[in-house]
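There are 2 protein chains.
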Amino acid sequence: MNNPSLYKGILRPIVIRLLEENKKMYGFEITREVKSLTAGRVKITEGALYPLLHSLEAEGVLESEQQFVDNRMRKYYKLTPRGKKVSEHSFGEITEFITHLQNIFNLKPA
Amino acid sequence: MNNPSLYKGILRPIVIRLLEENKKMYGFEITREVKSLTAGRVKITEGALYPLLHSLEAEGVLESEQQFVDNRMRKYYKLTPRGKKVSEHSFGEITEFITHLQNIFNLKPA
DNA sequence: TTGCCATACCTAAGATTCTTATGTATATTT
DNA sequence: AAATATACATAAGAATCTTAGGTATGGCAA
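Note that the protein sequences, when read in sequence, are chains A and B. Under this note's numbering, the first residue of the first sequence carries the number 1, and numbering increases by one thereafter. Under this note's numbering, the first residue of the second sequence carries the number 1, and numbering increases by one thereafter.
Rather than coming from a laboratory, the hints here were simulated on the basis of the structure. Worth double-checking, as some hints may not be accurate.
[Claimed, not checked] Distance windows between CB atoms, simulated:
1) Phe28(A) <-> Gln102(B): 20 to 28 Å
2) His54(A) <-> Asn2(B): 21 to 29 Å
3) Lys35(A) <-> Asn2(B): 23 to 31 Å
4) Ser5(A) <-> Glu46(B): 14 to 22 Å
5) Ser5(B) <-> Lys85(A): 14 to 22 Å
6) Glu88(B) <-> Glu63(A): 39 to 47 Å
7) Asn2(A) <-> Glu59(B): 12 to 20 Å
Each residue gets a CB set at the ideal place from its N, CA and C atoms; glycine is no exception.
Build the full structure now, drawing on both the sequences and the hints.
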């Protein structure tokens with residue numbers, strides 16, 4: 001992506017949001033989805049994603065389930081009930097975050 | 001602020017943008033301005049700000065000038081000519097960043 | 001007049017979050 | 001046969017911040 005450091009701190013809410021909208025996803029799918037939603041400009045690295053998924057599961061925000069498709073392992077993640085609450089809160093923070101950015105950068109839509 | 005880690009990586013473009021719009025500012029003023037632009041929600045810590053200002057100056061993006069007001073030192077910063085080019089580029093990155101967030105979080109303004 | 005808050009600068013240690021590099025394995029395409 | 005895509009994973013190090021301190025001046029309230 002253009003400037004990776006802009007996205008520092010934003011990966012966690014992205015993952016939570018995608019799982020809220022798509023019910024269940026596996027890691028590799030998340031990286032593809034983000035690429036697709038940003039015209040190939042935002043590339044989530046696996047070195048960031050997989051440890052994050054593990055810690056979200058450890059926190060009880062996500063739960064996982066393994067499946068085999070075409071003889072390849074997939075680890076599907078979905079939000080737990082607690083994760084759904086976290087998701088609502090996280091979404092509120094993000095909308096506020098974007099509003100703040102628009103204020104600071106004088107980008108308020110007319 | 002609500003979730004500080006969201007703002008990781010965003011401080012540098014904020015400082016550059018404010019200096020582009022305000023011609024010259026001192027550190028403490030920057031923290032107040034950001035607070036004011038975000039209804040008190042975003043608080044830049046001095047431990048992040050001052051080292052950043054120093055490194056931006058070392059990079060040749062900013063230049064500084066000291067003044068005494070009411071017997072208190074102020075260090076005013078402004079963009080160098082090179083800083084102005086950096087500012088344009090940085091602004092482009094931020095607008096793209098916000099667009100990507102709106103895509104990912106499904107927040108496109110109607 | 002003493003203590004507290006605001007202004008105004010600064011640094012250092014540590015936490016958090018990422019990148020980069022590497023590893024394993026299977027399936028498909030060239 | 002080799003490269004590319006899929007799909008998981010970890011570890012070392014870089015980048016960016018928070019937290020916690022420090023120095024100093026000025027104004028206000030107890």
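### Task
Enumerate the violated hints, using their earlier numbering and listing them in ascending order.
The structure conflicts with no hint, since it agrees with every one listed earlier.
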